[in-house]
Amino acid sequence: MHIQDCTENTCVDQIQKIFHTAEVEIQRKKRVKVKLRLDLVPLFLSYARDYLNFKHLAHISCVDWIEENEFELIFMLWSYEASLMIMVKTRVNREKPEFITLSHLWPQAETYEREIHEMYGINFKGNERLGEFILEDWEGVPPMRRDFDTIKYSKENFYQRPGREDAQDVRETISKHSGEEVPDFAKEFSIRRIEE
Amino acid sequence: MISIPVLLLLIFAAGLLAFIAHHTIPVLRDAIVIIAITIAGYIVWQLPGQTSNVNFSIGMFAINWGVTEYSQLFGLLIAVLSFFALIYSSAFMANKERLGYFYMNFMFSIGAMFGIVYSQDLISLFFFWEIMTWSSFMLTIYCCEEAQSVGLKYFIFSAIGAYSILTAIVIIYSGLGSLQLANIFANFGTMSIAAKLAVVILLITGFGVKSAMMPLHVWAPDAYKMSPAPYTAIFSGALSKMGIFGIGLVLFKLAAGQGFYPYVQEILAWIGALTALFSTFYAIFQTDAKKLLAYSSIGQLGYIITGLAIGTPLSITAALFLTIMHGIFKSMLFLSVGAVYYRTGTTNMNEVSGLIRKMPYTFFTALFGIITVAGIPPLGGFAGKWMLYESLIQSNHYFLVIVIFFASTAAFLYLYRFIFSMFLGQEEKETENVKEAPLRMIVPMLILAVSTLVFGVFPGLLLKPISGAMGYLGNFQHAWETSVLFNNWGSEIDLNTIVTSIGGVFIIAWILITVKGYRKNRYVTTKDIHTSGEVPTGNENLTYAIDFYKPFERALGSVLKPSVDKLYNYTGKLLEDSFEHLRYVYTGNGQTYAMYVMGFLLILFLFSELIFGVAL
Amino acid sequence: MTYDKNSKKIVDIIQNFARKHSLWILAYGTGCGAIEVPPTMTSRYDGERFGLRGAATPRQADVLLITGYLATKTLKRVIRTYEQMQSPKYVIGFGSCTINGGMYWDSYNTIKALDRYLPVDVYINGCMPRPESVISGFIKLQQLISEGKANGAEKYQKNLEWYRENQKKVIHNWKMPDYNW
Amino acid sequence: MDINWLKVLGIIITPIIAFIVGVAYGGIVRNITARVQNRFGPPVVQNFWDIIKLYSKKTTVSHGWMHHLAPVFAITASVTTLYFIPVLRDSKLFANLSFSGDLIFLLYIMVFGSLGMALGVGQSGNPNAAIGVSRGLSMMVGYEIPFVLALVAIMIQFHTTSLNDLLAVQDKFTNWIIFQSPIAFIAAILAFLGMMGYAPFDVVIAPAEIASGPPSEFGGKYLGLMQTSRSIFTFAKLVLFTDIFLGGAGDFGTLIVKTFLLYMIPVLTGIVNPRFRTEQAIRFFWKWPTVFGVIAILAVVMKG
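Protein chains in written order, with my numbering: chain A, 630 to 825; chain B, 596 to 1211; chain C, 40 to 220; chain D, 4 to 307.
Keep in mind that a hint or two might mislead.
[Unchecked claim] Pairs of lysine-lysine, PhoX-like flavour, derived with a Cα cap of 20 Å: (1) Lys784/A to Lys48/C; (2) Lys112/C to Lys784/A; (3) Lys61/D to Lys48/C.
In short, the hints are calculated from the structure, not lab data.
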C-alpha cells in the first residue's frame, strides 16, 4: 500500500474496503465519521495515520452514555494534505472502562488521555502519567461522569451564600416576565430544582 | 646574629623533622612546622638589619646569599602566607594520610622560595627554583590518582621553564664569566645584542611559566585544583609570585636600558593584558570553584605583568602592590574554598549552595576576597587597580587600559558566580548539616580578610617597602602617603575620605533600616519565595546555578568563543601529543627527575671547561 | 494605631495618605476578569491617575485583585500569595463569581464566597465589571483606607483559625507553611 | 581641628536634594510616559507617595543579613557617588568631597552598589532574582566598555582624571566637552542608555518575564530604600554626565535644565522601544558605541 490523500468519497471507500465492520458516513463537507469496534480502533488509527495521511491528532474526547452503560471515545484526526477531518467513534464498557494509550502514535495523546482519565476515569493502559492532572486532591467519582451530582457536591462542600434563590434559573424568570415558553428539557431541570 | 643560612636550615630541617615525627610522634608534627615558620617569620623580619652577604663555595660554585629590599618584600609575603597556611592546614589536613610527605614538601617549597628571593647568584637561584618545582609537583600529585596526569603537565611546563632558565644561565656565564647577580647586573650591557635578547626572552619564559603567563598557563588551573587547599593558597599566593620576582629582576636589572627594552615592554604588557582578558573569559564559564579561582589568579598575574612591563614608577608601584594584595586575597579565597571543601567534600559550584547561614565567617572571608579582587573601594584591591589604570593612561597605553578594564569588569561576573553559587542561593537539603569550619581554619582567613581592609585604607603600609624595592630595582621614585595616592598628572586620591564617607553612609543606612520596624522583620527560609503561589517542596531544586552566564556566553558566542575554544583545544591536543613522547623521559617519579637535574649539573660541572671555556 | 482616622500624629496622617494614594496591584488573573484589567490600566481609563500600578511579586504589592472565579486549586495559591504579601494589604474581589459563585454556583470545583477564605475589603459586582466599576471599586478602597476601615489583614490575623478552618474544608490536602504574623 | 561647617552642611543636604530631584524626575517621567501613551498619568508627586508608602509598610520579610544589607549597599554607592561629584560648579556648599583625580574611582564606586545588591539578591534564593543578576552583570560588561572608552578619550585629551579639572576646562559655552569631543559624547550617551536601565535595555528587571528580577523578594522598607537609592543614583549619574560633557552648572536652575534634558534621552528612547535580549544588548554595546569610543580615542591620539 502506498500513502494516498483522499477526498471525502475516496476515503469512505478506502476505509470500507479494509475495515468491513466500520460504519462510515460523510457527516458534512470535509468531515467523515467512522464508527468502529473498540479493538479495531488502534489498528484503524495507525492505518489512518500512516496510509491515509491523517498526520494530526486534533483531539480525544469522551461522552458518557449512562443509559447504555457505555463511554464513547471520539478521536479527531486531521489531514493537512486533504484538508479533511475524520472522527473516529467507539464505545467502551462503563463498568470497566479501559483502552490502550495512543502516545506511541501521537505524543500529544498523552495529555488528552490524562484529562479523560481524570474526568471520566477511563484507564489508558501504557500511559505512565495518568496521575493528578487538573484537579488537585480529588477523591470520589470523576466529576464529568453523569452519575456525579455536581449540585449536591457543591452544596456539601462549598458554602453557598444565601440570597440567590429567587433567580435560580434564568429561563424561568424570563418566562415569568415575558411569557416565553420554557423548553421541555429545561422544565425537567427546573422541577428538580424546585423540589430541592 | 641569625641570618639566611639559619633560616633555610631551619625550614628544611623542620620539613625533615616533620616527616620523621609523623612516623614516630605524630603529635609533634604540626607543632614543629608551626614553630619553625614562626621563628622563620621573625628571622625574615629582622633580616634587613644584616648588611653583609653570606659567601661560601661548594665545589666550583661561589654561593652568595644576601638581602635586598626587593627580596625582603617577597620574603615577608612568603613568611606571612606560609604561617597562616600552616595553621590552617593543621586543621584542614588533620585526618588525611601521608602527612609526613605533605608537610615535608610544604616546608621544602617554603624554604625554596626563601632561597630564591635571598639568592644573589644564579646557581643557588636555579637550585632553589628546582627544589620549589619538585616540592610543588609532589603536592600537586598528593591527592589522588587523577592528579598524576595533571602533575605531569605541570612538570613538563616547569621543565620548559627550568631549561630556559638554565640555558640563559649558560649564555650569561659564557658571556660574562660570572654567576653573581651583582656582576651580571653591572656588566650585562657588555654582552652581544643577540645574547642579551636571548637571555631576556629565555628568562622571561622561564619565570613566566611559574607566574602562569599565557600561553604558558595551561598547567595552572588543573594543578591548582588538584593540590590541597592550604597549599593552593601558597601555590597561587606566593609561589606564582616567584615568577613575578624573576620577571621584575629581568626587566629592570637586565633588559632596562638595552635597545630592545621598549619592544620587550610592549610585548610583555600586551601578553599580560591578553592573559588577563582570556583567563577572565575562561573563569566565567568554569563550574569548579578552584578552577575558577585558578583562572582568576592567572588573570590577576596578567595585570601584574602588565604593570611591571609598563615600567613607569607608578605602574611598578601598582604591580608590586597588586603582587602583595594578590598574595593575600587569593590565599583568602583558596582557603575559604578549602573550608567549604572541608565541610561539604566538593568544590563544584553546581553542587553546593546556600552556605551563608551555615558558614558565616567563611562567607565573610570570601566576600572580602571578591570585593578586593574586583577592586572596589574601600578594600585593598582598589588602590592597586587605581594606580594601574592611572599609570596605563598616563603612559599612553590607551588600548591596553581598555583591555585591562574590560577584563576587570568581566571579572565581576565570575566573582559573583563564585560567591553566589557557593554561599548564596537556595539552601539545599544536601548541605543541611554543614557546620562552620574549625577555629584554626577560620582565624587565619579572618586575619587575612581584615588585612585587606587595613591595606585598603592605609596602602602606605605596603608602599613603604615597595618604594624601597623600587629603589633597588632602578631608582624608581613615586610619591606616596599613608592613605593618599598620587598619579603623574598631579591628581590624588584620599582613601581616608573615601573610607569615611562609605563607612559613614553605610552605617547610617544600616541603622536606619534595622531600627525601622525591627520587630516586624520576619526571617524566612530561602524556600519562602515568590513562586507564583506554589509551595516548593523540600526536594524541589530552585537553585539557578547551571549555565549561569548563558546570555553572556551567547553574546560572546559568534565573536570570540569558538575561535578561542578551537585554539585552546588545538593547543591542548598538541600538548597531549607531546606528552606522549615526553612520557618516556618523565616517568612521573620524583626521584627520576632529581636524577636528571643532578646529572645535568654534573655534566655542566665536568665539562664546563669544554662548554664555557672556563672551569667553574 | 496607624489605621485610626482620628489619630493626631502627623506621621499617621501622612502614612495613611500615602497608602491611599499608592496602591500596587497584584492582579491574580483567574477567570475571565483578568481581561478587564488591561483596559483599566491603559489609555482609555488610565488607572494610574489614582496611583494604581502593577506589582510583579506579592512582596511588593498592596492589593490582591482576584479577578473572577477561584477553583479550589487556585485558591490554595491565592492564599499562599496573600500570606506572602506584606501588611497593610488589601483584597478586592472582582466580579460576581467571588461574591456568590456567579454562573459557577453549581460547579464542583470553584468556591462560592471568597470572604470565607480571605478577608475581602471591597467587592466589585458585575459579570464582568466594566473598567468604570473597577475604578470605582478602587476609589471605594481608598476611601476605606482613609477612614481606617480597610483592615482586612488584621482581621485575617485575628480570626486566622476561622479562616484556616474554612480553607482546610475545601483544600483537602493542606500542606502549607504557617502564617505567623 | 577645624571643621568646615559649610562642607558638613553640603554633605547633609546634597543627598536630600538629590532625593527630591530624583524622585520628582521619576514622577515627571511617569507623566511623560503616560502622555506618550495617550493617558493622563499619575500626579507628579506620585513617586513620593510610593516611597512613603513603602517605608510605612508594617511588615517586611528578610532572608538573612546579606538580604538585609543589600539596599544599604545600594544607597551607600549612590550617596558616595554623589559625594564625589561636584554638584554645582565653584560652589563651596556643593563641592562635597570631590577631590581631584576621581573619575576612575567613580567608575568603581558606581559598581559597588550593583555588586552589593547582587549579593543581597542572591541570598533571597529566588531563581528569578538570580537570573536578573546574571543579566544585569552581563549587561554591565556591555555598557562599561564604551563608557570607559569615552572617559579615556576625554582623560587623554585634557590630561586629567579629575572632574574638577574637566569643569575648569569647560569655562565657556563653546568649550563644553560635548563640542570639543562629540564622538566621545556619542559613545558615552549610548552607554548611558544602558546604565539607566530604560528600554530597550531593561531586560534586567523585565517584570513580565522574571517578576521584576533582582528586587522580586524585596518589599516594604527594603524596596523603599532601593527606590530612594535609585532616585539618588539617577540624579548622581545625570550630574556626572552634565559635569563631564555639558560644562556643569553654576546654579540650580541651569542644573535642573541640563540634567532634565539629558534625562529625556534615555526616557524618550525607552518609551518608544521594545526590549532587547541580553546578548543583543551586549552586542549592541560592543558594536557601535565601542566603535565610536575607539574613534574618539584615535581622534585624540591623531591630534597629538
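Does lysine 48/C sit within 20 Å of lysine 61/D, going by the straight-line distance between their CA atoms?
Holds: lysine 61/D and lysine 48/C sit about 17 Å apart, inside 20 Å.
Is the Cα-Cα distance between lysine 784/A and lysine 48/C 20 Å or less?
The given pair, whose Cα atoms are some 49 Å apart, is violated under the 20 Å limit.
Please verify whether lysine 112/C and lysine 784/A have alpha carbons no more than 20 Å apart.
18 Å, holds
The earlier numbered hint that this structure contradicts is number 1, and it is the only one.
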